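**Q** Each chain, written out:
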Amino acid sequence: MYNPQAENIIIVKDLVKKFGSFYANDHLSFEVKKGEIFGFLGANGAGKTTAIKILCGLSYPTSGKLNVGGFDIYKEREKIKRNIGYMSQKFSLYDDLTVFENIRFYAGIYGLRRKEIEERAASLMQKLDMKEARDKLIRSIPLGWKQKLAFSVAIIHNPKIVFLDEPTGGVDPVTRRQFWDMIFEASSEGITVFVTTHYMDEAEYCDRVSIMVDGRIAALDTPDNLKKHYGAGSMNEVFLKLARVKVE
Amino acid sequence: MKRFLGFVVKEFYHIFRDYRTLLILFGLPAIQLLLFGFVITNEIKDARIAILDQSKDEVTRRISEKVLSSGYFILDKNLTSYKEIEQVFRQGNIRLVLVFGPDFSKNLDKTGNARVQIIGDASDPNTANILVNYLQGILSNYLISLNAEKIPMQIVPEVRMMYNGQMKGVYMFVPGLMAMLLMLISALMTSLSITKEKELGTMELLLVSPLKPIQIIIGKVFPYVFLAFIDACIIIILGNTVFGVPVVGSVGLLLLESFLYICMALSLGILISTITSSQQIAMMLSLVALMLPTILLSGFIFPVENMPWILQVFCHIMPPKYFITIIKSIMLQGNGFRYIALETGIMAGFTLFFIFLSVKKFKIRLA
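Protein chains in written order, with our numbering: chain R, 4 to 251; chain D, 95 to 461.
What the hints contain is simulated information worked out from the structure, not anything from laboratory work.
Bear in mind the structure is a predicted one, so any value in this text is a computation, not a measurement.
Hints are not guaranteed to be accurate.
Derived BS3-like pairs: lysine-lysine, alpha-carbon spacing no greater than 25 Å straight-line [what the hints assert, rightly or not]:
1. 290/D to 149/R
2. 118/R to 130/R
3. 292/D to 139/R
I would like the entire structure built from these sequences, with the hints used as guidance.
**A** Have a look at this one:
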């Protein structure tokens, strides 16, 4: 839920990331409130993935002040790592390990105890309705299951924030809808969700949306406000209007 | 520490669930050793030859008998004219033709000078060379036995081959094979397993997690240290039991040096994986850039001393060369650490250098 009074859990001020003379992120500034679902939109090459990688600590910014989960990104990297989850568009699970082994491995590297791991794995199987797949290899289960499992694994250590980098690529609309139910659930449990996507219907599900064009944030507001502001019927129209400005 | 152990366990699952990896890890060393030991050998036995005897007297008959009973040669055909020589070579069975001139024994008695010709098939120069040498040896032995009483002064060399009395080829191959296989397993397998994580995207997840990069790398590499070490033992044991290659020196020292070499190869594997992101390229790099030089430029098959100077320079920057020197020194000569300290130092230097480069590359990639 977006609550303007809530504390800022991500603060980005003047984030610059240069590759040579190319600005992938050109003075980005925004805040994300605790518990909200923050949509991070943009065309391919607009700089979304660069920004998300910097926020997760996979890449260093060229300059700018960044604070994630209350920790400084330069000085308190290790603390940030303990408090975030990350899921990439590749649904990164190990093909040659079973469902349970994947859960155990990822929970293990976040330092969960054996008993906790057993419990969480059991309740996860229950929730995802995947009990009979517990000991199946990942390569043998359907893509939709993999995606749900990848998300569950990303939040298995109860992080403050979860970063989702195009988490719904390549799956059918029904599975996508189910996946968003999982996002809503995580959000209702207090986990802040930072999500990038190409699908404009998904943008409607976000509490607030920022649209990046050419390394800058061209717009940032709730979907309703954006539609009103641009006189558009859907987020798709909003996006096209902003992208067209860029073309001209 | 517990996290790290979980990581290592996962790594072992990857290895034991992939039968191809297992095959490379344990099948390859055994198969290679048996192949090199049994098939590829420098010694030549039972080479087929033809004899053109134009005098057919007592002496030529005795020489022929001596040659054929040496164990190196088998008579394939008796020729009757020079014309046939070309023909039998072309047929391809004959390695060598021995030609006695006419009136051999008469000439030998009268002038003390009889003519014998050795014609070799130099389309395979090494073999031809070795066979010609064998034959010359037999001829000069015969000559000495003839002249035993007549010549007042003789120099009779007494040759003794140290460290490998029977001149067995396999004594050479066991050290070479160890260098080659440990390089293959350590460098190739680690670079593959790290790039695989990159391809799957799991590397990002690991880097986002509280695991430190150094823990990730050591966790990935540790199982291969262990397995490569087992392989080193397999090769030494097989070499000893099947081919009788001894370990004259200290086994402990041998294993320690192997461990250092494995670490060197692993750090090279890590370096390869930091500069590539696909398994295919990592494989190409490992095979072409590591295996070929290991085989060709390490002194394993071709002696370094015979190479043009520019290649010799390359040989000196090939870590396997030093390892081969070290294990030969320990296994065959029984030398202690004192004799191989320099080589050990150089290998340790290589290891540190590769690790330093990897760390630097890794940081650049993150930035």
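**Q** Just pull the numbers of the violated hints for me, sorted ascending.
**A** Violated hints: none; all satisfied.
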